[in-house]
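Work out the full structure: start from the sequences and follow the hints.
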Amino acid sequence: MPGSAKTIIAAADKLFYPGTHPQAIILTHGHMDHAGSAQELADHWHVPILAHPLEMPFLTGKAVYPPADPTVGGSLAFVSRFFPPQTFNLTGIQALPEGEEIPYMAGWQCIHVPGHAPGQVAFFRAEDKTLLGADAFATTEHDSVLSVLLGVPKISRAGTPFNFDWEATHASVVKLSNLEPQAIGCGHGPAVQGLHLANELRELALHFPVPPKGRYVDSPARTDANGVEFIPPALPDTLPARAAMLGGGLAIAALAAVLLSKRDGKKGKKHKRLKGYRPAPATAYERPFPDYPYKEKYY
1 MPGSAKTIIA AADKLFYPGT HPQAIILTHG HMDHAGSAQE LADHWHVPIL
51 AHPLEMPFLT GKAVYPPADP TVGGSLAFVS RFFPPQTFNL TGIQALPEGE
101 EIPYMAGWQC IHVPGHAPGQ VAFFRAEDKT LLGADAFATT EHDSVLSVLL
151 GVPKISRAGT PFNFDWEATH ASVVKLSNLE PQAIGCGHGP AVQGLHLANE
201 LRELALHFPV PPKGRYVDSP ARTDANGVEF IPPALPDTLP ARAAMLGGGL
251 AIAALAAVLL SKRDGKKGKK HKRLKGYRPA PATAYERPFP DYPYKEKYY
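Residues 1 to 299 in the numbering used here are what the sequence shown spells out, letter by letter.
There could be a bad hint or two in this list.
Said to hold, decoys possible - Straight-line Cα separation of at most 25 angstroms, PhoX-like style, residue types lysine-lysine; simulated pairs: (1) Lys-129 with Lys-154; (2) Lys-154 with Lys-213; (3) Lys-129 with Lys-175; (4) Lys-175 with Lys-154.
Derived by calculation from the structure, the hints in this document are not laboratory data.
Right under this line is the structure:
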């Protein structure tokens with residue numbers, strides 16, 4: 001995320017030794033929550049940034065990712081309305097070479113898993129069946145704010161409003177499930193391990209929950225080496241209209257309350273008593289006799 005560089009540097013110093021640095025920064029993809037601090041870290045450590053060739057136009061300021069789909073449903077889709085466009089202009093970035101070998105990561109396999117981002121990649125180490133799954137899927141219920149905040153472990157789909165190609169997203173999950181990982185770290189959710197993970201990921205692949213509706217459900221966006229080639233038309237988003245109606249109703253109610261309070265205040269002024277005022281004892285005057293002066297009687 002942007003603004004996370006100091007936290008990451010401190011964590012690296014604590015995990016290894018003060019002043020430590022990696023040989024390179026290898027991005028799984030270029031979304032804000034993954035690449036937001038890449039440039040600051042690269043400048044601090046004096047190391048290169050690497051990413052899949054299909055991510056290059058989005059990381060170098062030449063293109064913007066397909067827009068998020070708030071109509072796909074879920075809490076993440078709701079808040080995606082307020083996310084800014086995701087684009088960067090990184091310097092010193094290099095394209096990962098073709099093939100599965102990864103520079104600076106001996107023993108790891110690079111796997112192209114598009115659908116969430118055009119050039120998204122996952123990393124797998126066969127020696128101990130460890131998988132870094134990026135945002136191909138999640139290890140918590142990503143569509144539940146409560147699950148994300150609590151970090152409740154669960155193999156589930158990830159990035160619902162940002163998946164611009166649901167067929168490719170499903171195929172990527174199938175590809176990773178065939179690896180039968182026993183330790184998984186993804187972009188969202190806790191790191192998990194155990195023999196049960198292979199079955200859970202396989203179940204996700206067999207019963208992958210494609211949303212019933214959404215901008216990209218029936219017609220995916222298309223991308224190429226230069227960026228976005230095609231974006232399907234957006235579905236009607238009724239939330240802004242409903243929010244406007246609700247806001248208008250609240251404004252009218254607030255105005256009515258102010259006017260009523262002013263009217264009641266004016267009425268109250270006619271009967272307002274001064275502070276410390278006490279009414280005088282009741283008296284009555286009468287003229288029982290016709291002579292003058294009047295005779296007073298007190299009750």
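ask   = Which numbered conditions among the earlier hints are violated in the structure presented, ordered from lowest to highest?
value = No numbers; nothing is violated.
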